[in-house]
Amino acid sequence: RRLPPIRSFVLLPLVLLPWIVCATFIHMNKPLNSRCHMGTRWIIPVICLHALYVAALVGFTGAVRHIEFRFQELKELWRGILVSICSVGIWVVSYILNEIHEDISLVQIISRFLVLLMTSVLVVAFFSISISQPLISLKSLGKKDQQEYSMMGRALGIPDSGLLAQRELVQLVDSNEPLEKLLLNRRFRHSFMQFADSCLAGESVHFYEEVQQLDKIPVSDHVRRVYMARHIIDTYITPGATMEVNISHRCRQEILSTLDLAHPNLFKNALNELMQLMKMNLANDYWSSTFFLKLKEEARNKTVDNELEQSGWNFSHRLSSVHCADDPFHQEHSPRKSSSSSRDFELQ
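Heads up, the sequence shown is in the UniProt record's numbering, so the first residue is 1 and it goes up one at a time.
Just so you know, these hints were derived from the structure itself, not from any lab. You may find that some hints are simply not true.
To be verified - Here are the computed lysine-lysine pairs in the PhoX-like style, where the Cα-Cα straight-line distance is at most 25 Å:
1. LYS279 - LYS181
2. LYS279 - LYS268
3. LYS268 - LYS216
4. LYS279 - LYS294
5. LYS216 - LYS181
What the hints assert, rightly or not - With beta-carbon atoms standing in for the labels, derived distance ranges:
6. ILE43 - ALA241: 51 to 59 Å
7. SER257 - ASN301: 43 to 51 Å
8. THR258 - CYS48: 37 to 45 Å
Here a beta-carbon is modelled for each residue, glycine too, at the ideal position from N, C-alpha and C.
Between the sequences and the hints, there should be enough to build the whole structure, so can you do that?
Here it is as C-alpha cells:
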C-alpha cells in the first residue's frame with residue numbers, strides 16, 4: 001500500500017525504453033554484417049542489457065519487505081523468478097551461439113528456434129499474469145479443484161466461522177438487554193441476520209459477523225489479519241462494493257487511507273456507527289417478527305430437551321417406554337412391540 005500506483009501506460013514505456021535506445025544506437029552505428037549478425041564486441045552490451053532486467057526483478061523483490069505475502073506467495077514469487085532466469089539464460093546462450101557460429105547451419109536453426117521459443121514464453125507469461133492478482137491463484141491448472149469457501153474466515157482457518165454447533169448452550173433471549181450483548185450469541189446473531197436479509201438491510205449484520213471473525217485472529221498473526229481486513233474493505237467499505245455499508249464519509253476515508261491493515265481497532269468507529277443504525281432501524285421491528293418467535297420456540301424446546309437429558313430420561317424424538325437406567329444396553333424399544341408382548345403375557 002506504500003508503493004506508488006503502477007500504471008500500464010507508464011510502466012510499459014519505461015520497460016521498453018532501454019531497448020528503444022539500444023536499437024537507435026545500433027541503427028546509427030550499423031554494426032551488422034551481410035548475414036545480419038553483429039560482431040563479438042557488440043554481444044557483451046546486449047547480454048548486459050538482458051541481465052539488467054533480471055537483476056532489477058530480483059532487486060525489486062528483495063527490496064519489498066513491508067508487504068505481507070499470503071501463505072507461500074513469497075516462495076511462489078521466487079520460483080517464478082527462478083523460471084524467468086532460466087528462460088533468459090537459455091535465450092542468452094542461444095543468442096551467443098547464433099552470433100558466434102554463423103557458418104554452422106544446424107546451430108543457427110536450433111539457436112534461433114530457442115530464441116523465438118523463450119521470447120514467446122516470456123511474452124505470454126508477462127501479459128497473461130496480472131500484477132495485482134494473488135500468486136496463490138496462479139498455480140498449475142491441476143489444482144483448480146480446490147475447495148471453495150463461502151466465507152473468508154473459513155478460508156483463513158478461523159475457528160467457528162459462522163457455524164452453529166448442534167450442542168451449543170441455548171439461552172433464552174431477553175429483549176431488554178442491549179443489542180451489543182445479544183449479538184455475541186451466535187444463534188441470536190444468525191436469526192437477526194436472517195431478519196435483516198429479509199428486509200434487504202443485512203449488510204450491517206454481515207459486516208459485524210466479519211469483524212467478529214477478524215477479532216478472533218491473534219494480533220501477532222499479521223498475514224491473516226491483513227487478508228481478512230482487505231476482504232472486509234473490498235466487500236463492505238469500498239464505494240460501490242457488493243455489500244457497501246452505510247457509514248460516514250470521514251469513517252470510510254479513515255479506513256481506506258490507513259497504512260496498517262492489521263491494526264486491532266481498524267473497524268471500531270464503523271462498527272459503532274452501524275450498531276446505532278441497527279438499533280434504530282432493525283432492532284424494534286425484530287422483536288415483533290416471526291424470526292424472533294421462531295428463535296424463542298427453538299430455545300424453549302432446547303431447554304426442555306436439556307432438562308430431560310439431565311434427569312436421565314431418553315429424550316429422543318422416537319417414542320420409548322424404557323427408562324435409561326432400566327435398560328443396560330440402551331436399546332430403543334418400539335411401543336408397538338412392547339404392547340404386543342404385554343398382551344401375550346396377559347393371555348398366558
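Structure-based check of each hint:
1. Of the pairs offered as hints, the one joining LYS279 and LYS181 holds, with about 12 Å between alpha carbons and a cut-off of 25 Å not exceeded.
2. A distance of roughly 17 Å separates the Cα atoms of LYS279 and LYS268; the hinted pair therefore holds under the 25 Å criterion.
3. Among the hinted pairs, LYS268 with LYS216 is consistent with the structure: their alpha-carbon atoms are about 15 Å apart, no more than 25 Å.
4. The hinted pair formed by LYS279 and LYS294 meets the criterion: a straight-line CA distance of about 21 Å does not exceed 25 Å.
5. With a C-alpha separation of about 17 Å, the suggested pairing of LYS216 with LYS181 holds against the 25 Å cut-off.
6. In this structure the supplied range 51 to 59 Å holds for ILE43 paired with ALA241, their Cβ-Cβ distance being about 54 Å.
7. Remark: the range hint 43 to 51 Å for SER257 to ASN301 is upheld by a beta-carbon distance near 50 Å.
8. The hinted range of 37 to 45 Å is satisfied by THR258 and CYS48, whose Cβ atoms lie roughly 42 Å apart.
Every hint, counting from the list given before, is met by this structure.
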